[in-house]
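Each protein sequence line maps, in turn, to chains A and B. Residues in the first sequence are numbered from 7 upward in steps of one, following the numbering used here. Residues in the second sequence are numbered from 9 upward in steps of one, following the numbering used here.
Hints should not be assumed to be uniformly reliable.
What the hints assert, rightly or not - 16 Å max Cα-Cα, derived EDC-like pairs, lysine to aspartate or glutamate:
1. Lys43(B) with Asp83(B)
2. Lys337(A) with Glu266(A)
3. Lys280(A) with Glu329(B)
4. Lys313(B) with Asp350(B)
5. Lys372(B) with Asp281(A)
6. Lys265(A) with Asp196(A)
Note that these hints are calculated values from the structure, not bench results.
Here is what each chain is made of, one letter per residue.
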Amino acid sequence: MKFRAERDSLVEALGAAGRAVASRLAMPVLAGLLVSVTNNDLVITGTDGDLSIKVELEVIGVENGSAVIPAKLANDIARSLEPGAVTIEASDESVSISAARSNFSLRTFPVIEFPQVQITSERQLSIPSAALADALRQVVRASSNDDARPLLTGVLLTTHNGALRLVATDSYRLALRDLDGSAAALGEEDILVPSRALTELQRAITGDEDEVVGVTATASEITFSVGNVSISTRLISGTYPDYRQLIPESYPNRLHLGKETLVGALRRVRLLVKDNTTPVRLSMRQGGVDLKVVSQEVGEGAESVDGDFTGEDLVIAFNPSYLIDGIEAVKGDEVIIETSDGTRPATIRAGEADGYRYLLMPVRVS
Amino acid sequence: MVDRSGELSPAILLVDMDSFFASVEILDDPSLRGKPVVVGGDGQRGVVASASYEARRYGIHSAMPMAIALRRCPDAICVPGNMARYAEVSRQVHEIFADVTPIIEPLALDEAFLDVTGAVKLLGTPLEIAHSIRYRINQELHLDCGIGAASSKQVAKLASRSAKPKIVGDRVVPGPGVYVVLDEDVLRYLHPMPVRALFGVGPTTANKLSRLGIETVADLAGLDPSMLERHVGSAVAHLIVDLANGRDDRPVEAGVKNRSIGHEETFSQDSFDRTQLDHRLRRQAQAVSSALRESGQEAHTVTVKIKLSNFEQHTRSLTLEEGLDDHQAIYEVASVLLGDHDISAGVRLMGISASSLRPRGGPKQLHLGLDAGSTADPLVTQEARFELREALDDIRKRFGKQAVGTANLLGEDGLTSPGQRDVAFGAKELPQILGNDEEI
Numbered sequence: 007m008k009f010r011a012e013r014d015s016l017v018e019a020l021g022a023a024g025r026a027v028a029s030r031l032a033m034p035v036l037a038g039l040l041v042s043v044t045n046n047d048l049v050i051t052g053t054d055g056d057l058s059i060k061v062e063l064e065v066i067g068v069e070n071g072s073a074v075i076p077a078k079l080a081n082d083i084a085r086s087l088e089p090g091a092v093t094i095e096a097s098d099e100s101v102s103i104s105a106a107r108s109n110f111s112l113r114t115f116p117v118i119e120f121p122q123v124q125i126t127s128e129r130q131l132s133i134p135s136a137a138l139a140d141a142l143r144q145v146v147r148a149s150s151n152d153d154a155r156p157l158l159t160g161v162l163l164t165t166h167n168g169a170l171r172l173v174a175t176d177s178y179r180l181a182l183r184d185l186d187g188s189a190a191a192l193g194e195e196d197i198l199v200p201s202r203a204l205t206e207l208q209r210a211i212t213g214d215e216d217e218v219v220g221v222t223a224t225a226s227e228i229t230f231s232v233g234n235v236s237i238s239t240r241l242i243s244g245t246y247p248d249y250r251q252l253i254p255e256s257y258p259n260r261l262h263l264g265k266e267t268l269v270g271a272l273r274r275v276r277l278l279v280k281d282n283t284t285p286v287r288l289s290m291r292q293g294g295v296d297l298k299v300v301s302q303e304v305g306e307g308a309e310s311v312d313g314d315f316t317g318e319d320l321v322i323a324f325n326p327s328y329l330i331d332g333i334e335a336v337k338g339d340e341v342i343i344e345t346s347d348g349t350r351p352a353t354i355r356a357g358e359a360d361g362y363r364y365l366l367m368p369v370r371v372s
Numbered sequence: 009m010v011d012r013s014g015e016l017s018p019a020i021l022l023v024d025m026d027s028f029f030a031s032v033e034i035l036d037d038p039s040l041r042g043k044p045v046v047v048g049g050d051g052q053r054g055v056v057a058s059a060s061y062e063a064r065r066y067g068i069h070s071a072m073p074m075a076i077a078l079r080r081c082p083d084a085i086c087v088p089g090n091m092a093r094y095a096e097v098s099r100q101v102h103e104i105f106a107d108v109t110p111i112i113e114p115l116a117l118d119e120a121f122l123d124v125t126g127a128v129k130l131l132g133t134p135l136e137i138a139h140s141i142r143y144r145i146n147q148e149l150h151l152d153c154g155i156g157a158a159s160s161k162q163v164a165k166l167a168s169r170s171a172k173p174k175i176v177g178d179r180v181v182p183g184p185g186v187y188v189v190l191d192e193d194v195l196r197y198l199h200p201m202p203v204r205a206l207f208g209v210g211p212t213t214a215n216k217l218s219r220l221g222i223e224t225v226a227d228l229a230g231l232d233p234s235m236l237e238r239h240v241g242s243a244v245a246h247l248i249v250d251l252a253n254g255r256d257d258r259p260v261e262a263g264v265k266n267r268s269i270g271h272e273e274t275f276s277q278d279s280f281d282r283t284q285l286d287h288r289l290r291r292q293a294q295a296v297s298s299a300l301r302e303s304g305q306e307a308h309t310v311t312v313k314i315k316l317s318n319f320e321q322h323t324r325s326l327t328l329e330e331g332l333d334d335h336q337a338i339y340e341v342a343s344v345l346l347g348d349h350d351i352s353a354g355v356r357l358m359g360i361s362a363s364s365l366r367p368r369g370g371p372k373q374l375h376l377g378l379d380a381g382s383t384a385d386p387l388v389t390q391e392a393r394f395e396l397r398e399a400l401d402d403i404r405k406r407f408g409k410q411a412v413g414t415a416n417l418l419g420e421d422g423l424t425s426p427g428q429r430d431v432a433f434g435a436k437e438l439p440q441i442l443g444n445d446e447e448i
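For reference, chain B alone in the conformation it holds in the complex:
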């Protein structure tokens, strides 16, 4: 077959790692190879974050409750997950991307868009570039991935799924590894797909569309968006009809910063204890503040969300003139927001998120040291705190997150410094966060 991928303009790749978390676990513990491995919490509310292809043969997939997964495959090996390690491997993957193009837009630890238009002259056609990326990831990191190539993000993303291995019955059928969709084939490729495949169509929108008799992308493509506006809103209506017709000119955006940085936990058991919540809140504030500083940003809005055991959800937020990146300050604001919330129903989930992010190091209005005691020079204290944080961040960057921390995080096994995500998924002792590395 003739390689016509050079016609793609722009040339966009979506690289999606195969069973990323599970594969990293197998890499680190070769005795797991060939076995059904699931990563996720085994607590009551544990959720599958990633499953090896052996596990998928039993119908296990990510986001599935762990209890169901273990019922389908009682022999599955359940691993609690180590986000810090996955982040490290993800960085190595990104180093390979960076050799190809600087225009990288990460979607998750295991997934990223690459705009390789500018690399074509130097490195070959998009198809060749994709194969060389796969080859290097395989040779250097011993991991597999699927790559979709197209001239739009939407189609590249879908193509990456076509590139991946499939489960047919209880067999794993290898995929082509790289799947290219040329512009002239886009509509033929998209139209048979269910509407759910499109970006912007979640379960709710899909249900609404289904009630209107719209099941496939082809159904959607023939519609006038104004007919849908009443049902799904104007913005979504236009977006999805455009996508269904292959119109998608969203660029790959390198260095897009998150619009918010958050940390939330679903507790393995509902919490009724204000002191315990307070302790969690403090940990979350630390996680959020270190993620903020890692990204070089500070937040002007702090939001606290809680979900009660009856699934009632409350969010409260506060916007401040001053940008925050300090865990103590974030904790203090969050604590005010949590305030005297009625928690008698039991708290199932709690989280802090930081938004209205601005680059750090911009102008900063200094405070008079009103709260300091009369003995200490308040201005020295303020500057000193700033410098202390800088120094701690520097140490963590060089020696790892566990290298230094405050005493309240010291446990029997040393420091349990919380990263934004490196808490196991619904493990019995630790709070759980939801995450999934891919869908099949």
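Only chain A is shown next, with the shape it has when bound in the complex:
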């Protein structure tokens, strides 16, 4: 195997594929990246066994072939080379990386030990990447990072009235987003995708106007392709909790506010929160809402935000960060907070229905 590539695009490709490489290794070879050249096409693959990232790059091919090169070291070296052309050539048990007057020779891993990364295409759909990026930004943050509850570390892809629905919850809050008109090809089966893969997908989406994310899935794996990057992951198996029963059909109280004003006020009172147990209290009343954080050792902060309120006056407390998460994810300038009482979930959504909903459990205060 031998090829020549431009340093910057090589560094970018090594970095992107390297993000799948795990820090704790089940097998030594997983510390490597599979690099394959066919004519002028270079494919770099990194995997931790569950998640794989494959990056394609056009290069000047000299000799077809493959090698598994140490991910971190190769990346570090490529990044520190002088700008310009880099030549990579593999021999039996080593690979040389050279540019200008630099020349490095690194030990490689046997290609045969690298796990085969398959990309199958049973169910296919394509989603405009801007819309998907929006949905991911709104939903992924609500998933859990507690490995004790593996189901909640994923994002559910399901269908709802013909729309593709994304759902994530960490059991304190639940975020949901419907993407119109893109679900038909998904089929009946729910798919539970590890959040980590979707975080990588968010990085890979460039935001170009016409960009499309291709999705292919089998019963156990899913692949997202965008631009020159493909991200494949093993799906989480199991039955996702029945989230639908959690969403109240209607609420007695509704507060309508300007989003930026509210987020600004919440951020200021949150400055007083020094641990993750101090809540922000919202006193909802005719004409708006009063926010208050009382932090025992530190002091207290209060803000008042004007808005429209209908319903019974109510005091309800939330984890301020969870609340800000949900409000920030709203698109547009207006936000609606709907509540029942101080111990039941509140819903946050945009001023106009747009398929996004964020359900948040309050903090019980005495």
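Since chain A is already given, all that's left is putting chain B on it; use the hints.
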């Protein structure tokens, strides 16, 4: 002799009940009076938790293996122990303390520090106060105690031992009951004592000091702590040198909450049975959760400890964002922690402890009811469980621990609701816990 105890400032008393568990047993069963009584488990691994002075004449003392105790005195009467009863009597003792001062720091069921500085104007000198406490405990509860008085906790604690009866040969020599150490006498009092007498000097530290030729408090008092740091660590070095020089300004802390609440059992026989361990774990979780709720706290960390028959010890812990006080939740976490632990060597001891304690009733992040079935309203269930626990606690407080419990604790003799400590010490059938009420 002139009573100069009024000079003590602060005036700290350490009240230590005499042979507390054994004395309560004798109180409840007068036929035991005058006989050698030992409280503790008579199983293979039973340990003496308390011994009457008659038993001590034979050289029996607490923490001694029961087998050895019975060899020294084959006629000794072995009583299994009833922690719930001792706790009840301890509460009565504390009511007497509370008439004197609100600043009470319990060390154990049978031992507490009292800061009586503020009571001197009203009730008399510390010596007089100490005598009146002894008198009331004796008259009202028919129990004896020894009281040490000094201006520091360290010295008050040591003085309480000087106040107690002593065994000389095979005779019991009554002590003075109250022993006061004035500030000017502190060094003279402390210096002849072995280093072991000091707070913070356990057997390990004592051995290290001994290797350095330091045997008595006087040996220690003359040292520069930096010379010891290498051997016993900086914190301990400074602490013990300070104590040896009579410097101890630790205040009596009323209402100090435990930093952890735990329940552990040494099994009378090693256990190889995961199901049996699981059952014990569930009981321990119940004991810990009721102790937690009694203290008005919830735990953010749960630790499971097991000791295998080869004395290999393993602990695993998990810290959670959410505070727990519910036995089911504690059990679930503990069960995960015990997990697939290799128990093929046999488990000798197992315990759960709850730490990172915070006051209960603080803000609590509620959960979405993800696990509930679709028929029940999950939020109602969550709140209902909370209210149910509150109600059960209330019933237990008013009618006793055996008044109500879950069906898995129902045995032939009714409920065996586990308290944190009311399991006998190494009895044959029941798991054993270690405890000792005093040292002579």
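The hints, checked one at a time:
Annotation: proposed proximity of Lys43(B) to Asp83(B) holds, straight-line Cα distance about 9 Å (limit 16 Å). Distance restraint check for Lys337(A) and Glu266(A): the Cα-Cα separation of roughly 11 Å lies within the 16 Å cut-off, and the hinted pair is therefore satisfied. At roughly 14 Å between alpha-carbon atoms, Lys280(A) and Glu329(B) fall within 16 Å of each other, so this suggested pair holds. For the hint pairing Lys313(B) with Asp350(B), the CA-to-CA distance comes to about 13 Å; that is within 16 Å, so the pair holds.
For the hint pairing Lys372(B) with Asp281(A), the CA-to-CA distance comes to about 13 Å; that is within 16 Å, so the pair holds. About 33 Å separates the Cα atoms of Lys265(A) and Asp196(A), which puts this hinted pair outside 16 Å; it is violated.
Checked against the numbered hints given earlier, the structure breaks only hint 6 and satisfies all the rest.
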